[in-house]
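Undergrad: Spelled out, the chains give:
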Amino acid sequence: MLYKRTGFSQLTVKMSEVTYIPMWLLAELTYACPVQCPYCSNPLQISASRKKELSTEEWFEVLRQARKLGAVQLGFSGGEPLLRQDFVELLREAQRLGFYTNLITSAIGLDAEKISEFKEAGLGHIQISFQGADETTNKRFGGTDSFKQKSAMTREVIRQGIPLGLNFVLHRHNLHQVTKFLAMAEELGAEFVELANTQYYGWAKHNQEHLLPSKAQLEQAELATNEFRQNHGGSMDVFFVAPDYYDDRPKKCSNGWATTLLTVTPEGDVLPCHAAKMIPGVAFPNVRKQALDEIWHSSELFNKFRGTEWMVEPCASCPEKEKDLGGCRCQALMLTGDAANADPVCSLSPYHDKVKAITEKAQRPFNPEEPVPLLFRNMKNAKQFHAE
Amino acid sequence: MHKPNIDIDEFKINPQYRLQFEEAQSCYVLLFPEGLIKLSDSAAAILERCQQATTLGKLVEELKIAFPGVDGLEDDVRAFLVDALQEDWVLSAHSENV
Chain A
36 MLYKRTGFSQ
46 LTVKMSEVTY
56 IPMWLLAELT
66 YACPVQCPYC
76 SNPLQISASR
86 KKELSTEEWF
96 EVLRQARKLG
106 AVQLGFSGGE
116 PLLRQDFVEL
126 LREAQRLGFY
136 TNLITSAIGL
146 DAEKISEFKE
156 AGLGHIQISF
166 QGADETTNKR
176 FGGTDSFKQK
186 SAMTREVIRQ
196 GIPLGLNFVL
206 HRHNLHQVTK
216 FLAMAEELGA
226 EFVELANTQY
236 YGWAKHNQEH
246 LLPSKAQLEQ
256 AELATNEFRQ
266 NHGGSMDVFF
276 VAPDYYDDRP
286 KKCSNGWATT
296 LLTVTPEGDV
306 LPCHAAKMIP
316 GVAFPNVRKQ
326 ALDEIWHSSE
336 LFNKFRGTEW
346 MVEPCASCPE
356 KEKDLGGCRC
366 QALMLTGDAA
376 NADPVCSLSP
386 YHDKVKAITE
396 KAQRPFNPEE
406 PVPLLFRNMK
416 NAKQFHAE
Chain B
-10 MHKPNIDIDE
0 FKINPQYRLQ
10 FEEAQSCYVL
20 LFPEGLIKLS
30 DSAAAILERC
40 QQATTLGKLV
50 EELKIAFPGV
60 DGLEDDVRAF
70 LVDALQEDWV
80 LSAHSENV
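Protein chains in written order, with the working numbering: chain A, 36 to 423; chain B, -10 to 87.
These are computed hints drawn from the structure, not numbers from a lab.
We put the CB at the ideal spot given by N, CA and C, even for glycine.
Be a bit skeptical, because a hint or two may be false.
[Claimed, not checked] Cβ-to-Cβ under 7 angstroms is the rule here; a few derived chain A residues that face chain B:
hint : residue
1    : 105
2    : 107
3    : 137
4    : 198
5    : 202
Isolated chain B, as found in the complex (with noise of 0.2 angstroms):
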């Protein structure tokens, strides 16, 4: 399996996994079988921007228009990926056989 480069790849939720708000709860949730996860507002700002493939890049400057005046976002938005990717939430280009 290929490992992927947060730098240059393309991310994208993972097609099995549904990004959702969900009234009740006030906040985004990620859905999969049998289970969901509770976002923070930030998560969920994130993966919002990941149903259509993008990248780190890309996302880091919506993000910054979106939260002006944020610091250290690159690197939040980095160590987000890596744990989302780790747990399959977002596939990358190259895991997704593309």
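Pulled out of the complex, with its shape left as it was, chain A reads as follows (with noise of 0.2 angstroms):
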């Protein structure tokens, strides 16, 4: 977003657009997570092993490295990124080289003491993600009995003033209740709450049958929020994020492939979006090898489906080219079989009809009784997808 109302002034902004900045990067410093949520964006082959992560002195490398580059945002991610030991020191160099933090947490792990270091540190902003709206569906969904953990930490990031938001992924057996997440999030005393629909890569693409909710199910959520916003006047922001398989056009991916959005994996490879380690026939840059610069600039990957010169028909020619940028890449893989294909989400994509064939099935009315025979993401069950 650009302010540039003023007139005062002669001068304007210069406009950077074309040479892209990665003003977010996204440091995921560990896929060690408490929690095993069945919907996770993170690859199926995580590992066990945690050796290979990058050590204290290479994260300071990377932010100093992202940093002179223009990255000015910064999301602390994971896994649980409260399980590196080193978290306050790297908070603490991000804030001493101008960084915006943010982190993102299941709060599991967090104590009173621990809020007041990050708070003295500088942090910029906590999101909490709870999975379920009482502690049987937090249990259920999240594998951990950590729901009174993460209601008493939410109150006391507020009590201590770092801004909050709370994060609850929705998906077809939570979907219903939308009200008593929005019910609870008000009382715990939360100023804004992201309802956000799973997003179908990893352990989420995996599960998708049992967490696609139907469309009968969003439209009755997106009105159960209307109607909870409209009653509650304006305390508390609330975001409603639809699952894009219900839609016409595609999403962007991260606001364009390698424009805006850097992230580094716990073993320090550079993605220009965090599902896009499953694109095939590329070598991926790494931290260890060579420099963030060179990657964000130079690299095959990056520079892959930068812009709209890789495309083909129906995006090459496509009067809306611009504005989705042909969508998702890994989508794009994921049901067309080729990441350079239109985003199959798109009603003018040859492959929408992949798109149609997953909601189809999703249509059955939903019976809270139903089975949910869901792959739990934990290192045991990743196992299996581990290459030999």
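Hints in hand, dock the two standalone chains.
TA: Following this line, the structure appears as structure tokens:
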């Protein structure tokens, strides 16, 4: 967003849209996680061993190089970033370098003392995720008994005055709980709530058949959300993110492939989006071997789908191509077998019937008693996906 | 909630927002949870002066010195403050519960 309304200065902002700047750095500190969300977007092949994770010094170097490239928003993510013993050190260095820091956490491992330490270190924002709107569902979908901890830490973060957002990932089995989620968030005193429908990558894609809601469920949840907004005034901002499978047009990949976002995985791979590890036939640049500057500007991976030159039909001649940049490359790959195709969510894609086939299956009426044969994201379950 | 009065209230940047010059973008940005806004030079010139509590009158006075010979300055600053309050970029002394 560009603020250029005031007219008193002759000077205008020098737009730098042509040279892309990775303004967002997503630092996935570890794949280790106490929660086992079956809708996790991490790769299925996560490894239990943490030996290859970047060291503190290596992360410092990543932060320095990213900052130099113009990264300014930093998300500490994972897995669970708090499992890194050096988290506060990383936070302090990020702060010193001028990043605006966001911690994306399950709140497991958090306590009042740490929150105050983070605050003192300058942490800009905490996002806490819940896996359910009560103890039972939170445990059922997160695989941990953590509801009380999450609630207590939400209150503590608010009490200590760090900006906080709550995140609820929605799917077939909890969409009917939207009002309950919102009431809970309000009761806890949250100012910002994200109701984010599952994005189908990694574990979520594997479990898609049992996670994708019906259209009726979605509409009901949106209705309930709007109703809540109307009845509860403006003290809490509520964002509802719909799953793109029900749209006619795709969403841009991370604001455009390699335009804004830079993801660094626990072992130092550098990706234009957090799912890009699935793109075949391309070398993945790694911070241990190459400078970020070179990776961002010159690597094959980052240039592969930048802009519009790479497009095939129907995207190449589409008047809307600049608007969505052909959608998500990973979705194109998963559903059409070729990452250069149009995202098949687009009704103009010759493969749109693949999306239709998936959504049609999801139209069965939801029954709260229906079995939930989900594969939970944990290291034991990940073993079957490891390449020999 | 008290409705801010642009003409008499004091204004200050929302402590949850951070104003910062970004070399890579050659402009000031306003940073907040999970987002940023690129600022025009004029918007930045106003917000820079809101790091400490200030008023419309003081802002206009200072900006007239910094940008001599600019027409319609007061209207621009006023319009900006209306937007900035709306967006919560700045808080008025009243909305800040002082």
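Undergrad: None of the hints should be skipped; say for each whether it holds.
TA: Against the structure, the hints come out as follows:
{"no.": "1", "hint": "105", "in the structure": "holds, 3 angstroms"}
{"no.": "2", "hint": "107", "in the structure": "holds, 6 angstroms"}
{"no.": "3", "hint": "137", "in the structure": "holds, 6 angstroms"}
{"no.": "4", "hint": "198", "in the structure": "holds, 5 angstroms"}
{"no.": "5", "hint": "202", "in the structure": "violated, 11 angstroms"}
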